[in-house]
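Colleague: Protein chains in written order, with my numbering: chain A, 1 to 327; chain B, 1001 to 1327; chain C, 2001 to 2338; chain D, 3001 to 3338.
Quick caveat, the hints were computed from the structure, so don't treat them as lab data. A hint or two may mislead.
Unchecked claim - Between beta-carbon pairs, the in silico distance windows are:
{"hint": "1", "chain 1": "A", "residue 1": "S111", "chain 2": "C", "residue 2": "E2236", "range": "25 to 35 Å"}
{"hint": "2", "chain 1": "C", "residue 1": "E2204", "chain 2": "D", "residue 2": "S3292", "range": "45 to 55 Å"}
{"hint": "3", "chain 1": "C", "residue 1": "K2335", "chain 2": "A", "residue 2": "Y327", "range": "46 to 56 Å"}
{"hint": "4", "chain 1": "C", "residue 1": "E2204", "chain 2": "A", "residue 2": "A317", "range": "17 to 27 Å"}
{"hint": "5", "chain 1": "B", "residue 1": "V1325", "chain 2": "C", "residue 2": "R2021", "range": "15 to 25 Å"}
Said to hold, decoys possible - Covered stretches of chain C, as calculated for chain D (at least 3 residues, CB under 8 Å):
{"hint": "6", "region": "2126–2140"}
{"hint": "7", "region": "2150–2162"}
Using N, Cα and C, we set each Cβ at its ideal position, and we do this for glycine too.
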Amino acid sequence: MPSNPFPLSKERLLEVYRTMRTIREFEERLHVDFSRGDIPGFVHLYAGEEATGTGILCHLGDGDRIASTHRGHGHCIAKGVDVGAMMKEIYGKKGGACNGKGGSMHIADLSKGMMGANGILGAGAPLACGAALAAKYRNKGEIAITFVGDGASNQGTFLESLNLAGVWNLPVIFVVENNGYAESTSRDYAVSVDSFVDRAAGFGLPGITVDGTDFFAVYEAAGEIIRRAREGGGPSLLECKTVRFFGHFEGDAQTYRPEGEIENARANIDCLKKFAAQVTSQGVISAAELEAIDKSVLALIEDSVVKAKAAPLPTEADLTTDVYVSY
Amino acid sequence: MPSNPFPLSKERLLEVYRTMRTIREFEERLHVDFSRGDIPGFVHLYAGEEATGTGILCHLGDGDRIASTHRGHGHCIAKGVDVGAMMKEIYGKKGGACNGKGGSMHIADLSKGMMGANGILGAGAPLACGAALAAKYRNKGEIAITFVGDGASNQGTFLESLNLAGVWNLPVIFVVENNGYAESTSRDYAVSVDSFVDRAAGFGLPGITVDGTDFFAVYEAAGEIIRRAREGGGPSLLECKTVRFFGHFEGDAQTYRPEGEIENARANIDCLKKFAAQVTSQGVISAAELEAIDKSVLALIEDSVVKAKAAPLPTEADLTTDVYVSY
Amino acid sequence: MARKISIKQAINEAIDQEMTRDPSVIMMGEDIVGGSGSFGEMDAWGGVLGVTKGLYAKHGSRLLDTPLSESAYVGAAVGAAACGMRPIAELMFIDFMGVCFDQIFNQAAKFRYMFGGKAQTPVVIRAMVGAGFRAAAQHSQMLTPLFTHIPGLKVVCPSSAYDAKGLLIQSIRDNDPVIFCEHKNLYAMEGEVPETSYTIPLGEANVVREGKDVSIVTYGLMVHRSLEAAATLAKEGIEVEVVDLRTLSPLDLDTVLDSVTKTGRLVCVDEASPRCNIATDISALVSMHAFSALKAGIEMISPPHCPVPFSPTLEDLYIPGSDRIADAVRKTLQKGKK
Amino acid sequence: MARKISIKQAINEAIDQEMTRDPSVIMMGEDIVGGSGSFGEMDAWGGVLGVTKGLYAKHGSRLLDTPLSESAYVGAAVGAAACGMRPIAELMFIDFMGVCFDQIFNQAAKFRYMFGGKAQTPVVIRAMVGAGFRAAAQHSQMLTPLFTHIPGLKVVCPSSAYDAKGLLIQSIRDNDPVIFCEHKNLYAMEGEVPETSYTIPLGEANVVREGKDVSIVTYGLMVHRSLEAAATLAKEGIEVEVVDLRTLSPLDLDTVLDSVTKTGRLVCVDEASPRCNIATDISALVSMHAFSALKAGIEMISPPHCPVPFSPTLEDLYIPGSDRIADAVRKTLQKGKK
Ligand SMILES: Cc1ncc(C[n+]2csc(CCOP(=O)(O)OP(=O)(O)O)c2C)c(N)n1
Ligand SMILES: Cc1ncc(C[n+]2csc(CCOP(=O)(O)OP(=O)(O)O)c2C)c(N)n1
Ligand SMILES: [Mg+2]
Ligand SMILES: [Mg+2]
């Protein structure tokens, strides 16, 4: 058996692959089901960006918190939220992660440390600061992470949080998922500085940019800054350059994208293909092992859709429950 | 007659001195009258910071716009707002700059390009971006300037504006008046980065730090970036390190300040003393000429107070006018 | 006047005609052009639902895509308005007001008063309001009462294509800040709209259906639900008058009071959350100014006091329907004169 | 129970006692300690008006000075609340809500519902409200209706030192987000307050004066203006009942309806701007639920629909006074039963 040159054990590598593949198939399936008209509302897919969320979140435990974005399915899955509950939620059913009240943009599972996808850009940053502050008082080495898109990185809420995290020396990581676009507007138009590392430096925070489609690059960079945060070394910013395989939301014609961009990305910078090539070329994992995972993931997703479709709808009795704890 | 080594003519130097002295005496007088109980509300004095506002604003014409702060008296005077109208406003009288409706925190004079003091921290920055945008469409080389304190530089509104100005390449200057304190909290506690030049760089903007108590340093740095903005070269950030002679607002006991700080500042980094020493030591202006200005300024302030006290109060008929242009 | 266009097109046309007429009209917002800085098609989006599509091709740099910084660009619109422009800022969803409200309610709304009448701020802030899009709690609110509460703001919410065009043109020409609320579930609704430019004054309600038995006062999407209720009730012999406020501030209280004076019975219908909303506002004003005309207690129909739910089943229960409205009308009739 | 302390002291004591009792209570805000990072005295301010003075000395790092970034630190309080803490965030002046409203109304208020009941967010946001300080348009607003409108928030506004302490302790212990509104012109008002800890339930109004002729429903500073009016009217033989709502959300409608059922006449007094405010809310609810008990039209007393003016003369005209309230009471009495 060949020696393992990777920073994770074989079992962990297989887990990581399973997570990324689960995200991919979850999103590919939603894409199909949305276009069939099965899924209500706004749906923003994470396909293409799997290595980013997974490479970071596989460092965390349930006591660590994350605050996510409108494009939150990948973060949810990588943080351990139940896929079946997510699917039911997206279908607006009872038994969904939020009992059908939240939908795609608001999936949360506090028991897993997932503080919610968020329909408001930049809103997760202060929340993660608060989670980090709570962790600081608890003093068990827990941390918090918030994700933000390249576009949302220009929200005042996010920018203020960079400063606050620095001032309070919070164990929080700001992850900029730079997929080059905010809706149809390019990152180069909307962000006034060339490098997010410089933006971080403007707030006294260490910043680092990695190839977000390379799981191991993300894993390593994230590991380093997460360790530092756990040890009291304070906040950091991590930019992951990545790519969105689908439109901004389902239904986006994407005429703002240059021809061939997506095809090229799918062919050449698909993080799952990259990962598979890396681990199989080293002989640590066989193609057959990955295929077995692919199969079981597809079965899981199919099962989640079947159950979501079969799940009961919420009823009038549910409409006004859970507004308050008590009122 | 000695040659003039300064970048301004003797007449302009005298004007500048008059402006700075007017601000100083305006504020010193308010300090006294406030402690007597003559003046209602919150009053934030600019004394000590005169060289900053004056060194920058003497580059502007009425077509250039400024958006100011809660500590706005100095900006108003340096932008040409009538001192008598200001005093009446602070006394809450009819005939005040805002007919008594605004008070110290809201003095404005659009005809002078003064878009208002502002009771909301950071709020001036987007307004100045808008003024700069309007200037860009008018295309006459006009610019806009916004002031912000060291504390308010952490407002999201301000931070977003840095990015917006960069993205739209607006003829706008962001002036950070760093007097070391936001209320009782020190700049070093509340701003997560050591240098405002780095903060500017985080938004792709050129930044420069000057001694805000040295009129000529401010004048020169501001001249350069204002010229660039007028020529289409875009926004910049200018940090002026300065000092607040009084408390945050009138009534502040200032126990957070180290002993001797204010005395030392008044003795050694008083911008008016510095300016007087510079221009008299070169023989360009005589001490007597400055004294003559001092005298006439004191008379002007006295006159403004007398008239403010004598001015009529607004009446019930004024209460609900000028809410809308039409309603 | 046979041409029918949608509300979406009517809004596009209003902006287009005003931009053509007046060079001081500019517009800014997120993806209102769409494709800025990318290598594909410029003018790719024309706003998130395509309302401003095509305007960039005609008016070029007077339409500006913005970074995702509502405080900065809405504030920039306010500042430009105070400096002689007539900016239209698109806030996409009104739900995003929470990140930029200061520039609206403490700046734009108060300049004129705080500055003693020496400023004017002719800015229009366009935003989508309302539920029914399965967009959940943060993209489905009305929030009209929050803006109506603020002195210095005007608040408009059209219910038809004709009104949308005329009210938007008036709002752009108006010299005060206007919050222009577009119901996303009405965008596709078509109606007859003149091709030429015209205005509808702010502060004039519209009696969209006359009747002598009960007055319904409402606005926005609820106008249509109320008209459906009125049609049902007509079959029962109940003649309902439906007043479409169109502008929430200024308020055309006279038209409301006239209607109630005639019918003696009032149902206020509001899609906004129930506490301190437009329905309570109208009810209160009527019970103060026309109490003696009232033959029965006022009924209010609003959604329940909860966020807008995602699940279509729940959202449909959340939004007041014509059944609930019709029941309320019947209830006011059952209660006799005290 | 002879000890008298001011509302300011009552608030300080409530925070102190809760911080002592429960280690998960933390507090953050601008200068709530005061002097952070400077070389002079730490704990120099204790908040802009000294309300939190002395707490740092006792509770140390559980009180945090913040940068001037309301979105970030109010949001951090919300986030920490969702993660098991009980944070108190001080927003200094409620007027500053415009720079951080999203974290309050789209985040804190909606978590529980959006997440299907799986979150709780026990955060208290304390802020100064109200006019009379000569602080002008951006530091004098009530804005209570804006928060009351939002499902998911609770809104409290005490009028006495006793209520301030009991309601604040309850708010800190409460598991929902609470907006705790402190009238800056009441801080100095003294009243008897037990030294021990006690709570007052949210959603219970207080009949602060009994009377049989007319009901005044109000809250905050206006309670005192209403009591003054009631005292004047008593000399004319008019017996006014004054209901202090204390909590605006949840609302104790039963107490209001009971009072109106007894008196048959209602005056609603609100210091907030008149459109869609608490006065319209109460008026509307009464005219819907107790119409048959009403003997005359409801009167509402609010300031005019304009920003708060700076000039003391104007501000005193702006704030509803006991004269205007008394006149409204007389007016409801002159209007006979229809
Ligand atoms: C405060 C706010 N403004 C605008 C929007 C509308 N919006 C939703 S997603 C989006 C683009 C986000 O781009 P980016 O941050 O790059 O994330 P990505 O979608 O690329 O993952 C916009 C403008 C919003 N949801 N919230
Ligand atoms: C949004 C907002 N938050 C808080 C305040 C209260 N406040 C007024 S001035 C001030 C301190 C400002 O400090 P800085 O920006 O350094 O300006 P300086 O007073 O030193 O000139 C604070 C916190 C406010 N007016 N607006
Ligand atoms: Mg993006
Ligand atoms: Mg300062």
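Colleague: How does the coverage statement for the region 2150–2162 of chain C fare against chain D, requiring three or more residues with Cβ below 8 Å from a Cβ of that chain?
Modeller: holds (count 3)
Colleague: Would you say the C-beta atoms of B/V1325 and C/R2021 sit inside 15 to 25 Å of each other?
Modeller: For C/R2021 against B/V1325, whose Cβ atoms are near 20 Å apart, the range 15 to 25 Å holds.
Colleague: That 46 to 56 Å hint for C/K2335 and A/Y327 (C-beta), does it hold up?
Modeller: The hint (46 to 56 Å, Cβ to Cβ) is violated, given that C/K2335 and A/Y327 are roughly 29 Å apart.
Colleague: A range of 45 to 55 Å was offered for this pair. Does it hold for the Cβ distance of C/E2204 and D/S3292?
Modeller: 34 Å, violated
Colleague: Taking 25 to 35 Å as the stated bounds, is the beta-carbon spacing between A/S111 and C/E2236 within them?
Modeller: Between A/S111 and C/E2236, where Cβ atoms are some 53 Å apart, the hint is violated.
Colleague: At the C-beta level, are C/E2204 and A/A317 separated by a distance inside 17 to 27 Å?
Modeller: About 43 Å separates the Cβ atoms of C/E2204 and A/A317, which means 17 to 27 Å is violated.
Colleague: Three residues or more, CB to CB closer than 8 Å: is that satisfied between the region 2126–2140 of chain C and chain D?
Modeller: holds (count 3)
Hints 1, 2, 3 and 4 from the list above are not met by this structure, while the remaining hints are.
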